[in-house]
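Those protein sequence lines, which keep their order, are chains A, B and C. Mapping the first sequence onto numbering that gives the first Met the number 0, position 240 (from 1) lands on 239, and the numbers just tick up by one. Mapping the second sequence onto numbering that gives the first Met the number 0, position 18 (from 1) lands on 17, and the numbers just tick up by one. Mapping the third sequence onto numbering that gives the first Met the number 0, position 32 (from 1) lands on 31, and the numbers just tick up by one.
Treat the hints as calculated values from the structure; they're not laboratory data. Glycine residues also receive a C-beta, built at the ideal position from the N, C-alpha and C atoms. It cannot be assumed that every hint is accurate.
EDC-like mimics (lysine to aspartate or glutamate), calculated; alpha carbons at most 20 Å apart, straight line [unchecked claim]:
1. C:132 / C:60
2. A:86 / B:154
3. A:102 / B:160
4. A:105 / A:122
5. C:64 / C:129
6. A:111 / A:64
7. C:93 / B:154
8. A:111 / A:51
9. B:50 / B:158
10. A:102 / A:122
11. C:93 / B:31
12. A:102 / A:114
13. C:93 / B:227
14. A:102 / A:180
15. B:256 / C:129
16. A:99 / B:227
17. C:132 / C:202
18. A:86 / A:72
19. A:86 / B:157
20. A:86 / B:90
21. C:189 / C:129
22. A:99 / A:180
23. A:86 / B:158
Here are the computed distance ranges between Cβ atoms for each label pair [what the hints assert, rightly or not]:
24. B:82 / A:81: 23 to 31 Å
25. B:87 / C:130: 38 to 46 Å
26. B:214 / C:187: 28 to 36 Å
27. C:158 / B:87: 37 to 45 Å
28. C:131 / B:87: 28 to 36 Å
29. A:276 / C:125: 49 to 57 Å
30. C:66 / A:66: 26 to 34 Å
31. B:81 / A:240: 40 to 48 Å
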Amino acid sequence: MSIHVRNVSKSFGDFSALEGVSVDVAGGSLTALLGPSGSGKSTLLRIIAGLETPDLGEIIIAGEDATGVRVQDRNVGFVFQHYAAFKHMTVRDNIAFGLKVRKRPKAEIREKVDELLKLVQLEAFGHRYPAQLSGGQRQRMALARALAPNPEVLLLDEPFGALDARVRAELRDWLRRLHEEVHVTTIFVTHDQAEAMDVASQIVVMNHGRVEQIGDPTQLYDEPASEFVMQFVGEANRLGDRWVRPHELDLSPDPAPGALEAQIERVTRYGFDARIELVTADGSELLVQVTRDRLEELELVAGQIVGVVALNERTFAGR
Amino acid sequence: MRRYALRFVALGYLAAILIAPLGVVFYRTFQDGFASAWEALSTTETIHAFKLTLIITAIAVPLNTVFGIICAIAIVRRRFPGKGLLNAFIDLPLALSPVVVGLSLFLLYGRTGWFGGFFERHDIQVLFALPAMVIATIFVSLPFVAREVVPTLREVGDEQEQAARTLGASGWQTFRRITLPSIRWAVIYGVILTTARCLGEYGAVAVISGRIQGQTETATLRVEERYDSFDLAGAYAIAIVLALIAIAVLLLMTLVKPREGTT
Amino acid sequence: MLPIAALVWASRSDGTQAFWGSVTSPQAVAALKLTVGAAFIVAVLNAVLGTITAWVLVRDDFRGKSVINSIIDLPFALPTIVAGLTLLALYGPKSPIGIDIAFTRTAILAALMFVTLPFVVRTVQPVLTEIDKEMEEAAKSLGASELTTFRRVIFPNILPGILSGFALAFAKAVGEIGSLVIISGNLPYKTEVSSVFILGQIESGNPAGAAAVAVVLLVISFAILLGVGAIRHFTTRHDRA
């Protein structure tokens with residue numbers, strides 16, 4: 000089911016959360032809304048869910064205008080940042096809730112809940128209460144609960160925000176695989192660009208209530224549309240009014256006359272590449288990424304003064 | 000040891016004010032044996048007084064429970080003009096003398112009052128009868144349920160309710176399956192407090208009941224009447240029954256309280 | 000709200016002069032003075048003893064603490080008239096310990112102490128329970144003595160609780176009647192409080208006079224509600240900061 004957001008604006012008091020936002024999400028895709036806190040990404044997600052109403056604009060779900068449709072009738076699955084587990088119900092009852100309020104037959108509910116418990120790997124925990132689960136388990140329960148009524152759209156608000164780093168990485172993989180299996184149109188909100196790049200096929204970058212750019216991870220990294228995207232997605236160096244990615248800089252031990260010079264502060268190496276932090280004569284900091292082979296070839300050490308050459312650089316129209 | 004000094008002060012204070020007097024009443028009531036206490040309790044007027052108290056309580060408590068829950072939800076979840084006013088006035092019965100409450104109703108429903116004429120023309124006895132006593136009791140016990148439910152509702156937050164709505168639950172389904180279970184201990188606690196207040200009400204009822212023996216005399220009024228008639232044993236006997244109810248209420252409160260917020 | 004309006008209207012029905020006449024009659028003034036004075040003394044005593052009690056219940060540990068903790072609520076559960084009678088049994092003419100304060104102002108104080116006892120305890124206790132132990136430890140690690148820690152760290156935190164408990168106890172004491180009718184003796188100019196005075200005026204067929212004094216009590220109640228609201232407002236702002 001495709002989702003189209005058309006020119007949506009929303010203010011809370013005198014704070015303008017969204018200004019003329021338009022986003023198209025293809026049916027069956029996995030989209031991330033990425034932005035810093037206060038960028039309006041959660042508000043947009045809640046408007047798509049029907050938890051908030053837009054001041055202007057419209058929401059079209061599966062070709063039908065859903066702007067005035069109540070949350071209850073929108074058939075969206077929503078996963079809350081802090082899970083919103085029904086504390087007085089067991090895991091089974093939590094998952095069954097959406098089916099029970101739709102007055103489905105008991106046998107069907109039981110079957111569906113069993114299926115979902117298996118999908119989220121909580122078969123052994125059906126009779127526990129949310130308080131007896133770990134954070135990751137609770138999140139998976141919340142996901143199963145949202146999926147139970149077969150929603151047309153699955154919406155997740157910072158789904159991994161409250162979890163520790165390892166569980167987070169696990170759940171990320173798991174969400175991607177789940178999406179391949181279930182194939183429901185999915186939108187999730189995150190402030191973590193690595194998470195968005197890792198999971199989503201399409202990323203909507205937001206800032207100050209506006210959409211900065213929409214694209215796949217490669218597009219955002221290689222062809223950022225604005226300074227904001229350049230800085231927010233991936234790492235970036237600023238050279239005057241030009242911008243360059245860390246891997247697009249090269250170093251030479253003997254700087255050519257007139258070339259930009261910088262002193263090496265620190266060299267760190269792990270995995271495939273090495274990261275070199277430098278300071279230029281005017282005090283600005285640079286980050287350079289080279290392969291470890293290249294690092295060994297150059298024989299760089301901290302304190303050394305080197306020449307910096309940009310292999311590719313961009314400028315953005317002033318904003 | 001300062002700790003023991005503080006403990007001594009606190010416990011001594013409680014003993015002098017709370018525990019010792021109650022003990023003496025128990026002792027006085029039963030010093031002549033159970034038989035005389037039972038005799039004092041089984042007079043027609045006394046039985047009627049207890050019945051009347053129970054009837055009033057049975058009407059006031061359910062009404063105040065429903066009203067309290069609605070008010071609490073309105074205060075915490077809704078935005079509407081005059082909300083601040085409602086929030087402030089809900090506590091008024093706690094701060095206001097019950098005699099003042101009784102007098103207000105007396106003036107409103109009395110012969111010369113705003114509503115008095117209406118009821119007199121339709122030959123409905125409000126003042127010095129059950130209706131006024133029920134209204135007075137409802138008024139003085141109004142805030143207890145709302146006061147208990149409001150903080151719990153705030154603490155629970157509305158995420159669970161939003162989740163229920165995204166799962167397709169209607170407003171009523173959300174209330175019955177999500178909101179009510181999460182506030183149920185607060186509601187029960189509020190109901191216990193309301194019940195205690197209804198059973199023990201004196202001031203407002205003293206003003207508007209007319210204290211007609213065997214007709215509009217509640218248990219608390221009966222205690223005073225027995226005392227004024229120099230029937231100390233009778234007064235003590237009724238007081239003991241009310242005190243036992245109070246202790247039962249206390250036990251219920253203790254049982255319910257630790258569960259608050261842990262559901 | 001309607002009953003309140005009727006009350007104010009009735010108090011003014013005989014004109015402003017009659018209103019002032021009723022309020023300033025010597026008996027009414029004596030009753031009001033006694034009521035407000037006794038309520039104030041009781042509220043202050045409760046603020047101190049209630050805070051100590053809350054402290055003992057939270058920080059101390061002894062056998063039977065949970066029973067004591069439950070008993071604190073007894074004055075909420077016990078009909079006030081029964082409370083009056085129980086105090087009379089212990090501190091009345093037939094006192095087993097030989098203390099007879101019946102029909103004196105001391106008796107009024109005792110009865111009011113009883114009925115207002117839970118307020119301060121129950122407003123201070125939760126705050127004290129929630130106070131971060133770390134905050135206290137931080138103060139001590141910075142070199143503050145026990146007394147300084149209490150004065151500069153704990154006390155400012157429980158003060159709003161003490162104040163709202165104080166206000167509620169004061170309001171309750173001003174309006175109290177049930178526990179007083181038996182033990183105070185209701186002697187005009189001596190042990191007659193305003194609530195009892197109002198009841199007496201109604202029973203002797205002077206509802207307008209009763210209404211006048213009732214309006215004064217009403218104003219006091221409103222003032223207290225506003226005060227409690229202000230305290231609540233202040234503390235939540237404190238929390239947000």
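Review point. Is the gap between the beta carbons of residue 131 of chain C and residue 87 of chain B within 28 to 36 Å?
Key: 31 Å, holds
**Study point:** Straight-line alpha-carbon gap residue 132 of chain C to residue 202 of chain C, limit 20 Å
**Key:** 56 Å, violated
Point to revise | Pair hint outcome, residue 93 of chain C versus residue 154 of chain B [Cα-Cα no greater than 20 Å] | key: 50 Å, violated
Review point. Residue 105 of chain A and residue 122 of chain A: Cα distance at most 20 Å?
Key: Status holds; Cα separation ~19 Å.
Review point. Does residue 180 of chain A lie within 20 Å of residue 102 of chain A when you go C-alpha to C-alpha?
Key: This hinted pair is violated, its Cα atoms lying about 27 Å apart.
Exercise for review: Mind checking the alpha carbons of residue 86 of chain A and residue 158 of chain B for me, to see if they're no more than 20 Å apart?
Suggested key: 12 Å, holds
Practice item. Compare the distance between the alpha carbons of residue 99 of chain A and residue 227 of chain B with 20 Å, and conclude whether the hinted pair is satisfied. Key: With Cα atoms ~62 Å apart, residue 99 of chain A and residue 227 of chain B exceed 20 Å; violated.
Review point. Straight-line Cα separation of residue 102 of chain A and residue 160 of chain B no greater than 20 Å?
Key: Roughly 19 Å between the alpha carbons, so the hint for residue 102 of chain A and residue 160 of chain B holds.
Check your understanding: Does residue 256 of chain B pair with residue 129 of chain C here, judged by a C-alpha cut-off of 20 Å?
Key -> 16 Å, holds
Review point. CA of residue 93 of chain C to CA of residue 227 of chain B, is that 20 Å or under?
Key: Between residue 93 of chain C and residue 227 of chain B the Cα gap is close to 16 Å, so the pair holds against 20 Å.
Review point. Holds or violated: residue 189 of chain C with residue 129 of chain C, Cα cutoff 20 Å?
Key: Not satisfied, since the Cα-Cα distance of roughly 44 Å exceeds 20 Å.
Review point. Between residue 86 of chain A and residue 154 of chain B, does the CA-CA distance stay at or below 20 Å?
Key: 13 Å, holds
Violated hints for the displayed structure, listed by number in ascending order: 6, 7, 8, 9, 10, 14, 16, 17, 18, 20, 21, 22, 25, 27, 30, 31.
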